[in-house]
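Asker: With the hints as extra help, turn the sequences into a complete structure.
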Amino acid sequence: MNLRDSGAVPVNHLEAEDLQLWRGDRHVLKGVAFVLGRGECLQVTGTNGAGKTTLLRTLCGLMVPEAGRVLCEGRDVRKDLPAFHSSLMYLGHEAPLKADLTARENLHYWIGVRRSVPGSILDAALARVGASAWCERLVRTLSAGQKRRVALAGLALMFAPLWLLDEPTTNLDTEGQQVVGALMAEQLARGGAIVIATHQQLPAPVRAARILELAA
Amino acid sequence: MRWTWFHRLASPPYLYGLAARLTPWFAWPAALLILGGLYAGLVLAPPDYQQGEGFRIIYVHVPSAWMSLMVYVIMGVAAAVGLIWRMKVAHAVAASCAPIGASFTVAALVTGSLWGKPMWGTWWEWDPRLTSELILLFLYLGFMGLRAGFDDTQRADRAGALLAIVGLVNVPIIHYSVIWWNSLHQAPSVMRFGKPAMPPAMLTPLLVLLLGFTLFFAAVLLVRVRAEILQRERAARWIGETLRT
Amino acid sequence: MSSARMPAAAGAAINTAASFGQATPAAPALSAARLALARDLTLAFRKRGQLIQPLAFFALVTMLFPLAVSPELARLRAMAPGVLWVAALLASLLALEFLFRDDAYDGTLEQYALSGQSLTWLLFAKTVAHWLLTGLPLALMAPLAALSLGVAAAAVPGIVLVMLVGTVALSLIGAIGAALTLGMKRSGALLALLTLPLSLPVLIYGARATELAIAGNSYLAPLELLAALAVLAVTLAPLAAAAAVRISLE
Amino acid sequence: MRAFLDMGGYAAFIWPSYLVTLGVLVLNIIWARRSLARALQAARRRSAGPGEGA
Chain A
1 MNLRDSGAVP
11 VNHLEAEDLQ
21 LWRGDRHVLK
31 GVAFVLGRGE
41 CLQVTGTNGA
51 GKTTLLRTLC
61 GLMVPEAGRV
71 LCEGRDVRKD
81 LPAFHSSLMY
91 LGHEAPLKAD
101 LTARENLHYW
111 IGVRRSVPGS
121 ILDAALARVG
131 ASAWCERLVR
141 TLSAGQKRRV
151 ALAGLALMFA
161 PLWLLDEPTT
171 NLDTEGQQVV
181 GALMAEQLAR
191 GGAIVIATHQ
201 QLPAPVRAAR
211 ILELAA
Chain B
1 MRWTWFHRLA
11 SPPYLYGLAA
21 RLTPWFAWPA
31 ALLILGGLYA
41 GLVLAPPDYQ
51 QGEGFRIIYV
61 HVPSAWMSLM
71 VYVIMGVAAA
81 VGLIWRMKVA
91 HAVAASCAPI
101 GASFTVAALV
111 TGSLWGKPMW
121 GTWWEWDPRL
131 TSELILLFLY
141 LGFMGLRAGF
151 DDTQRADRAG
161 ALLAIVGLVN
171 VPIIHYSVIW
181 WNSLHQAPSV
191 MRFGKPAMPP
201 AMLTPLLVLL
211 LGFTLFFAAV
221 LLVRVRAEIL
231 QRERAARWIG
241 ETLRT
Chain C
1 MSSARMPAAA
11 GAAINTAASF
21 GQATPAAPAL
31 SAARLALARD
41 LTLAFRKRGQ
51 LIQPLAFFAL
61 VTMLFPLAVS
71 PELARLRAMA
81 PGVLWVAALL
91 ASLLALEFLF
101 RDDAYDGTLE
111 QYALSGQSLT
121 WLLFAKTVAH
131 WLLTGLPLAL
141 MAPLAALSLG
151 VAAAAVPGIV
161 LVMLVGTVAL
171 SLIGAIGAAL
181 TLGMKRSGAL
191 LALLTLPLSL
201 PVLIYGARAT
211 ELAIAGNSYL
221 APLELLAALA
231 VLAVTLAPLA
241 AAAAVRISLE
Chain D
1 MRAFLDMGGY
11 AAFIWPSYLV
21 TLGVLVLNII
31 WARRSLARAL
41 QAARRRSAGP
51 GEGA
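Chains as they are written, first to last, in the numbering used here: chain A, 1 to 216; chain B, 1 to 245; chain C, 1 to 250; chain D, 1 to 54.
A hint or two may mislead.
[Stated by the list, open to error] Covered, in the sense of this in silico footprint (three residues per stretch, anywhere, with C-beta under 8 Å from a C-beta of chain B), are these stretches of chain D:
#, stretch
1, 4-12
2, 16-22
3, 25-37
[Unchecked claim] Here are the simulated DSBU-like pairs of lysine-lysine, each with C-alpha atoms no more than 30 Å apart in a straight line:
#, chain 1, residue 1, chain 2, residue 2
4, C, K47, C, K185
5, A, K30, B, K88
6, A, K147, C, K47
7, B, K117, A, K79
8, A, K30, A, K79
9, A, K30, C, K185
10, C, K47, B, K88
11, C, K185, A, K147
Keep in mind the hints are simulated off the structure, nothing from the lab. Model, not experiment: these values are computed from the prediction. Glycine residues also receive a C-beta, built at the ideal position from the N, C-alpha and C atoms.
Answerer: Encoded structure:
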């Protein structure tokens, strides 16, 4: 039961057991189950409306499955949601950016709610995604791809053991996709786990340890 | 161990079957009590020495008003149980309560107004009781409106439940603030009931009707709960089995 | 800016994360809430147009009464408490729709809910920002409206004080309604239906205290009741709003 | 009988009150039965159709 206290190291970082979820009359998650170890990447595929986003939102605890459970390090995440949340980073397909704040301000307020970040590290993350030149501009003047890059800068700053990414490469050019690949590779290299929902190919050099296909 | 009855009630197929079996046991006594009570109230009870025959409205107004409040409390408690223990059947009970309670609130308002006309000379008086009743109607309408705004039953259940709990906390506050407000303006309070001076011949029909209305509510609630359970258990295997038998 | 140094710094930042946990101290709840407050205020001052709307509405409604009823100051003075409070109630209701709406659309609320921080505190901060941007200006504008309704200048401090306390409760009660109706497309009428009955005690005590203040009497008793309501709202409403937001995000 | 119907001059208030209340009671019965009938119909349709969960 309590693996951490007994000294045994749980093999899997994230585990889903028979997740069932209904939306109105639609049976969206029909017994989804998987295991994901440390340093592994799970790719969730499926056509539009197959429930990719719903699965990610269920995994991170925003939605409550009608049956089944999600385990992190062998524990039911519902037992202590705040602790689980501080160990994960969820990036939806819309970046949580405000049109009337600059890119840098957005990043500051977004990340700052989770952890205190010194300005120099903030700038470093912006430089990493190639945003230094325009990070003081209001987000309303940025292109869709540029907004996506600001979201990636957030990803670079979230040192969470678990990443849940929903279509992170949308709107990105080749260079932007390389940045995603590099960030994901680093996350895996330091033993983090990633669940990524996309029907595109994963950005190099990342390879999925498992692929989960959701049927519509 | 003591909680086994509670867990059994929480199981939808069990409650569904129980509700179907219990309904007649509430419905028939309710019918008898209500008919008997109305007859006693209209014929047997003596006229009031002040209000004459006019006081007989008490026999429909007070039970309706009593139901409107009792149903709201039951709804709030069921909602809290549903929200805290994530219990589907409790949400089904809360959802079933709202239309019943709202209809009794309307009855209490209309009969109150019909009573007020001969007593006060106006169709509407800002009497604290009637005002509270009107606010209660808005609370019911808000609950039903919020539920109707969601197309997913589960979300409607949880959002509605939260509102019902907030409403339940607020009902006493609203009620006392209305009484406080009314005491400043000194409106004549004609509807003073429940005073111990009421003779037994007048009081008995009222008590009979209160019991009858309560049983009536239970019977209607059980029917509605079955409908709500069916709606929430779309995929469950037991439904198919129950329907076939 | 030496661009050569940047990637190195970024590398260092990532390296500190090599061991999760200790390297990434979570921001304390209060500083997170302060940041959320600062963010909302910054945003509001970038779009001043929206800021003025409830105030203009309040001024407009109070102006309607002399036109609709009579310009006689004696009659207006008798109506002033009711006019001020109904106008304030409607103005704060008008502003409520925007309280969580934008943050729900762009995913900010989702990030708040998943931040591992207390959602209750973050929403409390947002509600405080909302009060600073609507309740406070309304209370400061109330004397102008009151004077135009023939109220003596001596009553102004009382009117402002009562409205300051009352609008706190209104903002917090409204936050619950705004959070509950988040998932809906057109929520204006429903928001009013949910919020107004719950706001009635505030209206009753607020209008009564204002009436006493205008008459030059002691308004302490209703003000105390109003303050009790505000304290109750401060303690309970953010909890309810947080629960409502979680339900809306489902 | 006429005296009973007249209710001491209060007929115009008493009878409508009783009618409204009885109307509410009857409507409650009708509404409840109708909602159950509808739910049963929907459940039958679902269990007859290609059930994915059952």
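Asker: Does each hint fit the structure? Answer for all of them.
Answerer: Results for each hint:
With a threshold of 8 Å between beta carbons, the proposed coverage of the stretch 4-12 of chain D by chain B holds, since 5 of its residues qualify and at least three are required. Coverage of a stretch by a chain is defined here by at least three residues with a beta carbon nearer than 8 Å to that chain's beta carbons; for the stretch 16-22 of chain D and chain B the count is 5, and the condition holds. Only residues whose C-beta sits within less than 8 Å of a C-beta in chain B count toward coverage, and the stretch 25-37 of chain D has 9 of them, enough to reach three; the restraint holds. Restraint check: the Cα-Cα separation between K47(C) and K185(C) comes to about 23 Å, which is no more than 30 Å; the hinted pair holds.
About 20 Å separates the Cα atoms of K30(A) and K88(B), which keeps this hinted pair within 30 Å; it holds. Distance check on the hinted pair: K147(A) and K47(C) sit about 20 Å apart at the alpha-carbon level, within 30 Å; holds. A hinted pair counts as satisfied when its Cα atoms are at most 30 Å apart, and K117(B) with K79(A) does not qualify at roughly 59 Å. Note on K30(A) and K79(A): the hinted pairing holds, with a Cα-Cα distance of about 23 Å set against a maximum of 30 Å.
Straight-line distance between C-alpha atoms of K30(A) and K185(C) comes to about 29 Å, which keeps the hinted pair within the 30 Å bound. Distance check on the hinted pair: K47(C) and K88(B) sit about 44 Å apart at the alpha-carbon level, beyond 30 Å; violated. Using a Cα cut-off of 30 Å, the hinted pair K185(C) and K147(A) holds, with the two alpha carbons roughly 26 Å apart.
Hints 7 and 10 from the list above are not met by this structure, while the remaining hints are.
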